[in-house]
Amino acid sequence: MKRFTWFNATSLTIGFAFLYLPMIVLVVYSFNASKLVTVWAGFSTQWYVQLFTNSDFAQSALVTLKVGLASASIATILGTMAAYVMIRGGRFFGRTLFSGMIYAPLVMPEVITGLSLLLLFIAIGLNRDAFTIILAHTTFGMCYVSVVVSARLSTFDRSLEEAALDLGCSPLAAFRLVTLPIIAPAVVSGWLLAFTLSLDDLVIASFVSGPGATTLPIQIFSAVRLGVNPEINALSTLMIAIVTIGVVTASLITKYTARRPMDA
Amino acid sequence: MRRASLILVPYLWLLALFAVPFVIVLKISLSDIAIAMPPYAPNWEPSDGVAAFREFLSGLDFENYVWLSEDALYWKSALSSLKIAVISTFLTLLLAFPIAYGIANASTDWRPVLLMLVILPFWTSFLIRVYSWMGILSNTGLLNQFLMWTGVINDPLQIINTDIAVYIGIVYTYLPFMILPIYAALDRLDMSILEAAQDLGCTRITAFWLVTIPLAKQGIIAGCFLVFIPALGEYVIPYLLGGSNTLMIGKVLMNEFSANRDWPVASAVAIILLLILVVPIVLFQRNEQRLREVGA
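If you read the protein sequences in the order shown, they are chains Z and F. First residue of the first sequence: 0, per numbering that gives the first Met the number 0; consecutive thereafter. First residue of the second sequence: 0, per numbering that gives the first Met the number 0; consecutive thereafter.
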């Protein structure tokens, strides 16, 4: 028996108002004609025009996307391998260290991860650019992927794999034909998680990036550290719109596919 | 052979980009600042030979840690980080529990929608969510405009650049991390136990304290760690919303590194932050372990 009371309704209303009002304010004020962001002076799209004529933002958005796509993809491959090793690998030398290295980056403060990677890149004399950001993002991304994928791997019936092997599949073919299709949803969510975390990261990227590679969060941060900036409101609105459309579409697709009976 | 390469590739990657950098931080935290590139000493290259390595080892000491422990500023910033993290975790719990409870009690049609509304901000940029409060909390911002319009206050309140703004920022950005594990725990809860408690003479409120809270305990603990651990090392929120007297370890570390260019002290601060976090991280892992055993 579930009870939905006025208390539940009130707490949900207050909670969601708290979660969404700041973002709604941001969106509304991105259409403000005044440069004074706290005074409403009529509707205008001038900040969007200014945003699109500022090529710095386009440049750093491109770097951010490139880093996100590359690091999420490498992280997905490495993370899936790591998850497979953790769940199916049995015992091997240094297994405890391995699982420690998978879980530790998840709880490591960003300032420490950033500092330690920067000191490594300096120690080996690696020039800091988009490539070093990809290395850094792949490292924490693969840990998230491996946690998501190993959760899925540990719940599926291993005898399916064994049946494929008994029926003459090579281990690689068994993985490709049996394991991979079953863990695919987890691999996809792992990729999305790694991609989002890469797009979102400010602290680690500001440690490991050089002057040539500015990501969008770094540029936003340097614009807002001195105060509210209407151009950033416009940029934020665009980013919120993209994420909202993406998440809503994804959840509609899941809902639709979940209702369909399994084919095959 | 194939198994070995499957293990080795992710293993070597993590060794090179997680374990080795960590050892470097540890080593530099034991070095001294030097006016050179790299700006610390002593240094050792494999080509220098074994004798030089012994000399290098004797050049390492705990001087930075001693220095940090003698400076009141660092004690204050460590304690103030702890205070800010504890208070904001508690405030997040106070706000998150009723929301998670409300979602758990909503009809099955509404629950996925409400959960999506909780998760959606998580996919939105963290930086933008922190930034959105800058305009609201400023002296001429919407909150002050609203409070002055209603006549509650006559002069604007100073909220931005204070610890209160940092609390608001942390509660806001980490709220989904608290709601989701508590919701998961409440969702597993068998409502017939609550009915049994009430049949046996509990009021709804005592049933809540004696049955619901203990059964949701592990979700609450997980949520608290998920907020507390990142909040303690937070840098962006105190930088954008806090004032110059908001002391947090993450800010001190950044300051030592980029403004003072004192890499050895910055590394020592990093090691200290990690030492403070070891206890909550181990407790968190144990709680997760227990959750997995319950689930299995």
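The set of hints was computed from the structure by calculation and includes no laboratory data. Don't take each hint at face value.
Short derived list, chain Z residues pointing at chain F, Cβ under 7 Å [to be verified]: (1) 26; (2) 27; (3) 202; (4) 216.
Going by beta-carbon spacing under 8 Å, a handful of chain F positions derived as facing chain Z [claimed, not checked]: (5) 5; (6) 21; (7) 89; (8) 92; (9) 93; (10) 97; (11) 120; (12) 135; (13) 174; (14) 252.
We put the beta carbon where it would ideally sit given N, CA and C, even for glycine.
Do the hints match the structure? See the list:
1. 26: 9 Å, violated
2. 27: 10 Å, violated
3. 202: Holds, about 6 Å.
4. 216: Result: holds, 5 Å to nearest chain F Cβ.
5. 5: The hint holds - residue 5/F has a Cβ within 8 Å of chain Z, the shortest such distance being about 6 Å.
6. 21: Nearest chain Z Cβ about 5 Å off; hint holds.
7. 89: The hint is violated - residue 89/F has no Cβ within 8 Å of chain Z, the shortest such distance being about 16 Å.
8. 92: With Cβ-Cβ at 13 Å, over 8 Å, it is violated.
9. 93: 11 Å, violated
10. 97: 3 Å, holds
11. 120: Since chain Z brings a Cβ to about 6 Å from residue 120/F, closer than 8 Å, the hint holds.
12. 135: Hint on residue 135/F: holds, closest Cβ of chain Z at ~6 Å, below 8 Å.
13. 174: 7 Å, holds
14. 252: 5 Å, holds
Of the numbered hints given earlier, the model fails hints 1, 2, 7, 8 and 9; all others are met.
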